[in-house]
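Going down the list, the sequences are from chains A and B. The first sequence begins at 2 in the working numbering and counts up by one. The second sequence begins at 153 in the working numbering and counts up by one.
Take these hints with a grain of salt, some might be off.
Derived lysine-lysine pairs resembling BS3-like cross-links, with alpha carbons at most 27 Å apart [claimed, not checked]:
{"#": "1", "chain 1": "B", "residue 1": "K317", "chain 2": "A", "residue 2": "K78"}
{"#": "2", "chain 1": "B", "residue 1": "K186", "chain 2": "A", "residue 2": "K20"}
{"#": "3", "chain 1": "B", "residue 1": "K313", "chain 2": "B", "residue 2": "K365"}
{"#": "4", "chain 1": "B", "residue 1": "K186", "chain 2": "B", "residue 2": "K267"}
{"#": "5", "chain 1": "A", "residue 1": "K84", "chain 2": "B", "residue 2": "K234"}
Among chain A residues calculated to face chain B with C-beta under 8 Å, some are [to be verified]:
{"#": "6", "residue": "V14"}
{"#": "7", "residue": "D17"}
{"#": "8", "residue": "P31"}
{"#": "9", "residue": "K78"}
{"#": "10", "residue": "I80"}
{"#": "11", "residue": "K82"}
{"#": "12", "residue": "W85"}
{"#": "13", "residue": "F89"}
{"#": "14", "residue": "F93"}
{"#": "15", "residue": "D94"}
Because the hints were derived from the structure by calculation, they are not lab data. Glycine included, each C-beta is placed from N, C-alpha and C at the ideal position.
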Amino acid sequence: MGEINRKRDRLEVIYDILKLISDNNNSIKPTPLLRKSNLSSSSFTSYFNKLVDKKFVKELEDTKGRKYITLTDKGFKYIEKYKWILGFIEDFDL
Amino acid sequence: MSMPPHFNPAFLGIEFVYSAIVVFLCIFVYLKTKEMYALTKYKGIQYFRIAFLFFGLAYASRFIFYIIQFSIISFDIFVPRKILFPASFALVSYFSTIALAFLVYSTFWKRLNYKHFLLFSNVIALIIVLISHLTRSPLLVALVQLPILGFVLFINYRKKKSHTKYLYFLLSLFWILNLVVIHSRRLIPFEWKIVLQVLSIGVFAYLTYRVVKWVK
């Protein structure tokens, strides 16, 4: 698989993870998110850490110490703009 | 300051308006795609933005070069020609080469993904700056940049489905014609220059329209 597909996939994978969180009322535990994302554990961890670093998602803890993942405004914006971004990349052969 | 009889301020005015429109459109494209790049960090978008930033700088420096050239010929005023003329021409050569190189690279970086492209493009640009410094000829710089145009043609020809096939070719072609025009200012009829400028603005405006469609 060439760099073109890996890059395209990266945007798609990010979108899929963010969409899963959003479709789950913007609150999901890490384990179901890993399961639903269809990624290997190491791959998921790598993506997830990047999403946290880039402030697309944040981890919250409830009173019982359970972890939840939610989207930030930037995460919602990515979902909102995703189709436009793909269209732009396609239209300009980028 | 005395004004020679052949001087027509309209030429300078038209050149200013033309350059200002093109520079505005280039910077507009650059700024409009900022959010998209910030969200994705996608390399293709980064190269595309660099290309337009440098096209803007190339057209701005081309106008400065034009003014210097014009002031030397048309006005009886002191212009530090030995510094300003080569300096502005070096900027024109450098900015335009980087712009053309990144425009081309934005469409095939996925296949090549050359890690040192920034260094490579700068080396090429500096070689062209050196050529421009030694020859002081926009025509020669245009000729040296011609292979980049050929490369645009070649990679677009190979692509079966390309949305930018003609657009990028025209963008590169008009830049090179712009260099030819400042080289042969007196040889090319005024009307032809106007046609070139209108077509050039048309290409940039169409491209900006296509960008705006996606970044609303």
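Status of the hints after comparison with the structure:
no.	hint	verdict
1	K317/B to K78/A	violated (31 Å)
2	K186/B to K20/A	holds (23 Å)
3	K313/B to K365/B	holds (20 Å)
4	K186/B to K267/B	holds (23 Å)
5	K84/A to K234/B	violated (53 Å)
6	V14	violated (12 Å)
7	D17	violated (14 Å)
8	P31	violated (23 Å)
9	K78	holds (7 Å)
10	I80	violated (10 Å)
11	K82	holds (6 Å)
12	W85	holds (5 Å)
13	F89	holds (4 Å)
14	F93	holds (6 Å)
15	D94	holds (5 Å)
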